[in-house]
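Just need the whole structure built from these sequences, with the hints factored in.
Protein chains: 2
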Amino acid sequence: MNAKRLGTQTVRFTSPPSIVGSGNVVGKKEGEGPLKDSFDAIDTDTLFGQKTWEKAESEMQRRALTVALDKAGVSTSEVQYLFGGDLLNQCIATSYNIKNSGIPFFGLYGACSTMAESLALAAMAIDGGYASRTAAITSSHFSTAERQYRAPLSYGSQRTPSAQWTATAAGAVILSAAGKGPYVKAHTTGCVVDMEIKDANNMGAAMAPAAYDTLSAFFADTGLKPSDLDLVLTGDLGRVGASVLTELFKMDDVDLEPYYNDCGLLLFDSADQDVHAGGSGCGCSAAVFTGHILNSMRAGKLNRVLFAATGALHSPTALQQGGTIPGICHAVLLENFKEERYALDLC
Amino acid sequence: MNAKRLGTQTVRFTSPPSIVGSGNVVGKKEGEGPLKDSFDAIDTDTLFGQKTWEKAESEMQRRALTVALDKAGVSTSEVQYLFGGDLLNQCIATSYNIKNSGIPFFGLYGACSTMAESLALAAMAIDGGYASRTAAITSSHFSTAERQYRAPLSYGSQRTPSAQWTATAAGAVILSAAGKGPYVKAHTTGCVVDMEIKDANNMGAAMAPAAYDTLSAFFADTGLKPSDLDLVLTGDLGRVGASVLTELFKMDDVDLEPYYNDCGLLLFDSADQDVHAGGSGCGCSAAVFTGHILNSMRAGKLNRVLFAATGALHSPTALQQGGTIPGICHAVLLENFKEERYALDLC
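Sequences listed follow chains X and C, in order. So the first sequence is numbered by my numbering: it starts at 1076 and just counts up by one. So the second sequence is numbered by my numbering: it starts at 1076 and just counts up by one.
Keep in mind that the hints are not guaranteed to be accurate.
Result set (DSS-like, lysine-lysine): computed pairs, CA atoms no more than 30 Å apart in a straight line [claimed, not checked]:
hint	chain 1	residue 1	chain 2	residue 2
1	C	K1079	X	K1079
2	C	K1300	C	K1079
3	X	K1126	C	K1273
4	C	K1255	C	K1111
5	X	K1126	X	K1300
6	X	K1273	C	K1126
7	X	K1146	C	K1079
8	X	K1413	C	K1079
9	C	K1079	X	K1255
10	C	K1413	C	K1376
11	C	K1413	X	K1079
12	C	K1146	X	K1079
13	C	K1079	C	K1255
14	X	K1079	C	K1376
Not everything, but these chain C residues come out facing chain X in the computed CB check (under 10 Å) [to be verified]:
hint	residue
15	R1080
16	G1160
17	I1173
18	G1204
19	S1302
If you're looking for bench data, these hints aren't it; they were derived computationally from the structure. Using N, Cα and C, we set each Cβ at its ideal position, and we do this for glycine too.
Here it is, written out as structure tokens:
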């Protein structure tokens, strides 16, 4: 029954689904950053033509899905499952985006790990024989997230050096049983790891142990080393979290750094854009992955990428009650080659 | 690739996973209701020994999972995936329950449809060849839900006749590739349906159109009729929603009523327990399903049940912004017989 399992947390896909379309839409600040040329659309209106920021996030997500479907040449009625979620309470950006679309929907909550969580389940649904075409989607909006998780923007609260900037961005991916790649080859499911960080302005430190846990499981389960990959890309650890992660691997005598980067470090220019420790939010990894990374894969600059989106599963209520910030990391292995030209099945 | 698909929204499991363990824990009021003998544990302390209601919900869920694992004779380390979520912002009842458990975790948000959504994905993970043992879990707590969705309890707000009572309850299910049943045979994935209900005290009316949509898809996809089933069980439509649902089917000349019931109508005694339109919450369908329904299946009183949990995907923020209440319904077909003795594969 477990021919697809590798070790304790990893499965490989024996009929790897192909990414046949992707789309992203970002806000003004993201569109001024180093990756500006990799986005499908940049809207300088923080409300995206809507009356509230929450509705704006939903609209941004709707546009990202439309772009992805168009690029894939797939109509809404051909999407057999959509897996998605977001950071808003009750995941309303996603539910309101796809209401009355007629797309069968699995709602997820993985905080900022959602792009990888949704991609993994969308791939499992195809490889498992349940669907030919699926979609994965997520989003975040600086203005909805800040007031929900921290303080109303109008307070003008000062930000700590370890704070990250929630990206205003949405990303969508269309997977198909048939396609020219990149292919989703394997997935390592994250466990919830809590190292008892309590500072809501230091998400990187809270999530880094979960990233270490999942990446360690991936390497153990597959027998691969960091040097076997072109890139290990975490979601939104930012400067603090990325440094904690590479330090944790150093303690295992593993040098991750030459093969490692983080979406939160890629999205903004840390010197010029005043984002402190870097970008964060579901949309951060979604926009970097669906833009810069997939473009680089399609161009052959990257052939084997481990995309490991990270999420902090806390809530303001839990923190007010003295709770800690548990983290999770879901990792997805993407390759340009459908066949197993690497040693993944020999482990 | 789609040998497992039936129609637009339904898949059948070719190696149907078996329910090998289930557990539930409920609060005082639920333990005084007509199903009191079907619960594994009743705790009369609304705080379940914790300092806050949110922590209480997490503790209740932890106990339900422990009971389910014990009954299944399965250890935590043998659970290859846990699918779960709850109603709390950022799904903290579930994340905090399973943190540091080492169980690979997919976080879901399906509001009160979560027991069926998690069961469906847990079954897909096994039937798809990714795991031998999986778990599905959810919960709700009257006191956490009321203050989050409506008003602080201490306000003593008057309840409308259409209002439902959020159950203080948690349920967990352990699935295995091997077992003696009941078996998860098929699943109809819900779409988000919004009929523009705006009254947060009338969840039944908001969710009934989604239940109608999913059940209609199930009947169309499988070719089955209500009379082919021993029971069609919705999650928590309550008195108002159940009546809307049966009326909608009457307009299609389908008489659902003889085969139909709703967890929200079963959990409480509507005459004596002052719950107005009935029970609701993720824990309502979870506790009724893991108790009364599975007991009846194991005893052979029910052999073929369509469990269709329903969720309202709204948020207080969305309603304050003039938003509507979209609904979703996920349906899972359970049978006591592993083989396809019915006509499911002939459609």
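How the hints compare with the structure:
1. K1079/C - K1079/X: With a Cα-Cα distance of about 18 Å, the restraint between K1079/C and K1079/X holds, given a limit of 30 Å.
2. K1300/C - K1079/C: holds, 20 Å
3. K1126/X - K1273/C: Distance ~18 Å between K1126/X and K1273/C Cα, so the pair holds.
4. K1255/C - K1111/C: holds, 26 Å
5. K1126/X - K1300/X: violated, 49 Å
6. K1273/X - K1126/C: Cα-Cα ~18 Å, so holds.
7. K1146/X - K1079/C: holds, 28 Å
8. K1413/X - K1079/C: Roughly 23 Å between the alpha carbons, so the hint for K1413/X and K1079/C holds.
9. K1079/C - K1255/X: holds, 24 Å
10. K1413/C - K1376/C: Holds, at roughly 17 Å.
11. K1413/C - K1079/X: Roughly 23 Å between the alpha carbons, so the hint for K1413/C and K1079/X holds.
12. K1146/C - K1079/X: Since the Cα atoms of K1146/C and K1079/X sit roughly 28 Å apart, the hinted pair holds (cutoff 30 Å).
13. K1079/C - K1255/C: holds, 22 Å
14. K1079/X - K1376/C: Given that 30 Å is the threshold and the Cα spacing comes to 37 Å, the pair is violated.
15. R1080: Check passed: Cβ of R1080/C comes within 7 Å of chain X, closer than 10 Å.
16. G1160: holds, 6 Å
17. I1173: Cβ of I1173/C sits 6 Å from chain X, so the hint holds.
18. G1204: Holds, about 5 Å.
19. S1302: violated, 26 Å
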